[in-house]
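Asks: Residue numbers (this note's numbering), protein chains in the order written: chain A, 2 to 161; chain B, 2 to 161; chain C, 2 to 161.
Treat the hints with care, as some may be off.
[To be verified] Some chain B residues close to chain C (C-beta under 7 Å, calculated; not the full set):
no., residue
1, ALA23
2, TYR33
3, ILE34
4, SER43
5, ASP63
6, TYR65
7, GLN66
8, ARG69
9, LYS80
10, PHE98
11, GLY124
12, SER138
13, ASP148
To be clear, the hints were calculated from the coordinates, so they are not data collected in a lab. Note that CB positions come from ideal geometry on N, CA and C, so glycine has one too.
For reference, the chains in residue letters:
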Amino acid sequence: MFKVEGTIENQLMALGIILPQASEPAARYANYIYSNGLLFISGKGPSASTKGKLGQQFSTEDGYQFARQAGLEVLAVLKQAVGRLDNVLQVVKIQGFVNADRAFEEHHKVLNGISDLMLDVFGEKGVHARSVMGANSLRDNLPIIVDTIFEVRMPVNDSL
Amino acid sequence: MFKVEGTIENQLMALGIILPQASEPAARYANYIYSNGLLFISGKGPSASTKGKLGQQFSTEDGYQFARQAGLEVLAVLKQAVGRLDNVLQVVKIQGFVNADRAFEEHHKVLNGISDLMLDVFGEKGVHARSVMGANSLRDNLPIIVDTIFEVRMPVNDSL
Amino acid sequence: MFKVEGTIENQLMALGIILPQASEPAARYANYIYSNGLLFISGKGPSASTKGKLGQQFSTEDGYQFARQAGLEVLAVLKQAVGRLDNVLQVVKIQGFVNADRAFEEHHKVLNGISDLMLDVFGEKGVHARSVMGANSLRDNLPIIVDTIFEVRMPVNDSL
Chain A
2 MFKVEGTIEN
12 QLMALGIILP
22 QASEPAARYA
32 NYIYSNGLLF
42 ISGKGPSAST
52 KGKLGQQFST
62 EDGYQFARQA
72 GLEVLAVLKQ
82 AVGRLDNVLQ
92 VVKIQGFVNA
102 DRAFEEHHKV
112 LNGISDLMLD
122 VFGEKGVHAR
132 SVMGANSLRD
142 NLPIIVDTIF
152 EVRMPVNDSL
Chain B
2 MFKVEGTIEN
12 QLMALGIILP
22 QASEPAARYA
32 NYIYSNGLLF
42 ISGKGPSAST
52 KGKLGQQFST
62 EDGYQFARQA
72 GLEVLAVLKQ
82 AVGRLDNVLQ
92 VVKIQGFVNA
102 DRAFEEHHKV
112 LNGISDLMLD
122 VFGEKGVHAR
132 SVMGANSLRD
142 NLPIIVDTIF
152 EVRMPVNDSL
Chain C
2 MFKVEGTIEN
12 QLMALGIILP
22 QASEPAARYA
32 NYIYSNGLLF
42 ISGKGPSAST
52 KGKLGQQFST
62 EDGYQFARQA
72 GLEVLAVLKQ
82 AVGRLDNVLQ
92 VVKIQGFVNA
102 DRAFEEHHKV
112 LNGISDLMLD
122 VFGEKGVHAR
132 SVMGANSLRD
142 NLPIIVDTIF
152 EVRMPVNDSL
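Pulled out of the complex, with its shape left as it was, chain A reads as follows (with noise of 0.2 Å):
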């Protein structure tokens, strides 16, 4: 694995990412809580138009490409929360929560899309202890949820 040379903003745009906007969450809570070292950051998916379930509307390899767009939505929460990507010290956790037929098997090949993203984004830092589940239904009909817990370095005050 590689180390990440200068700042991570210089690394989103050698990786030719460039991050949405942070999106509102879906009812009454707020997008992350920083305690103690920590910040955990509210479930997160894909675009909200995506809907539908692995091994039914989608395989998995669409599945790997929504847990790196739910990786992105993670991103610019991150961003929201800690001003400049540096302040992120370690990626920590990130669980999955796959929306799957309950014949479905590769829950751990879909939650790849963004623990690839997390590692070509913070290189080492980006190394994180993971799970998976299969979920029978999700909200929206999304068809992953991610729900991750960075340590970072918060720069003025906590969360709100």
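Since the structure of chain A is already known, use the hints to place chains B and C on it.
Replies: Frame of chain A, contents of chains B and C only:
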């Protein structure tokens, strides 16, 4: 969002909320563990006699009420852990497991039942990160289980 | 609950437990990440050749054994992370994803398999918060995956 004045216990009274006794864990675990500034509370649902799935036996509106009831159970455990609810510094994270039909899409509206409760009780400190998924089944066929993390000041010693 | 005397390694021997080698992550992530006093361990299941759902191919009693096996995998990762298991200060949180039929209701009894193991091995330090849900499917059709957090003393440096 209003700032809660006075004690949280007064706020509970103003809201007409009487907390239940903290329920016993359903099996061989503790209601909560305190570690490094964070209180990890075990999964809690509404009363054990409530059984069924969202999108089948229950509507989204039913689910909202069940999520609120689960939130009251969480508050009871919080009080058991920290003595006075004023020792709660921040609601950090809520994960919701909604026992739902495979076609259900309103998990976020269900989870608002506990989110609104936390905002009503704690004001700004009640803002939290959140995620929710649709379970295929839950213990005792409960309609919802919530898994929560709080930043707290522990009054005397650790959780045991 | 008894207080474990002597080293945890002696306790393992007294229990007749021989830990497996830590299994490799199923995809592009690490077995664990240490951050701010907490060790986040990636999702672990029983051996990869065990495939099927609770309430279909497997009974609750089978599930209890699978949860215990998953717990042994977690202990192996713990040892990999902290060297001596005496560096574990507290089992903090266990989340269980049980691959279960939609009519299954005994997830908590299944998860006791890992809870009992943690209590046997760590005594008071093994008491933990817990939650469990029924997944519609899991990677490789594993019957259970556990996602765990521990409070630990890291012997030398961080997880990488």
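Asks: Go through the hint on ASP63(B) and say holds or violated, using the shortest Cβ distance to chain C against 7 Å.
Replies: Result: violated, 19 Å to nearest chain C Cβ.
Asks: So, as I understand it, the hint says ALA23(B) touches chain C; can you test that by seeing if any CB pair is closer than 7 Å?
Replies: violated (13 Å)
Asks: Is the interface hint for ARG69(B) satisfied, with its Cβ closer than 7 Å to some Cβ of chain C?
Replies: violated (18 Å)
Asks: Against chain C, is TYR65(B) within 7 Å by beta-carbon distance?
Replies: violated (19 Å)
Asks: Does PHE98(B) hold up as a contact with chain C if the rule is Cβ-Cβ below 7 Å?
Replies: Holds, because the Cβ-Cβ distance from PHE98(B) to chain C comes to roughly 4 Å (cut-off 7 Å).
Asks: Under 7 Å is the threshold here; is the Cβ of LYS80(B) close enough to any Cβ of chain C for the hint to stand?
Replies: At about 16 Å, which exceeds the 7 Å cut-off, the nearest Cβ of chain C leaves the hint on LYS80(B) violated.
Asks: Minimum Cβ distance from SER43(B) to chain C below 7 Å?
Replies: holds (4 Å)
Asks: How about GLN66(B): closest beta carbon in chain C under 7 Å, or not?
Replies: Where the cut-off is 7 Å and the nearest Cβ of chain C is about 20 Å from GLN66(B), the hint is violated.
Asks: For the hint on GLY124(B), just tell me whether its beta-carbon gets within less than 7 Å of chain C.
Replies: With a minimum Cβ separation of about 26 Å from chain C (threshold 7 Å), the hint on GLY124(B) is violated.
Asks: Against chain C, run the beta carbon of SER138(B) and see if the smallest gap drops under 7 Å.
Replies: OK, holds: SER138(B) within 7 Å of chain C, min 3 Å.
Asks: Can you verify the interface hint for ASP148(B): is its Cβ closer than 7 Å to any Cβ in chain C?
Replies: holds (4 Å)
Asks: Under 7 Å, Cβ to Cβ, is where ILE34(B) needs to be relative to chain C, so tell me if that hint holds or is violated.
Replies: OK, holds: ILE34(B) within 7 Å of chain C, min 5 Å.
Hint check: violations occur at hints 1, 5, 6, 7, 8, 9, 11; the rest are consistent with the structure.
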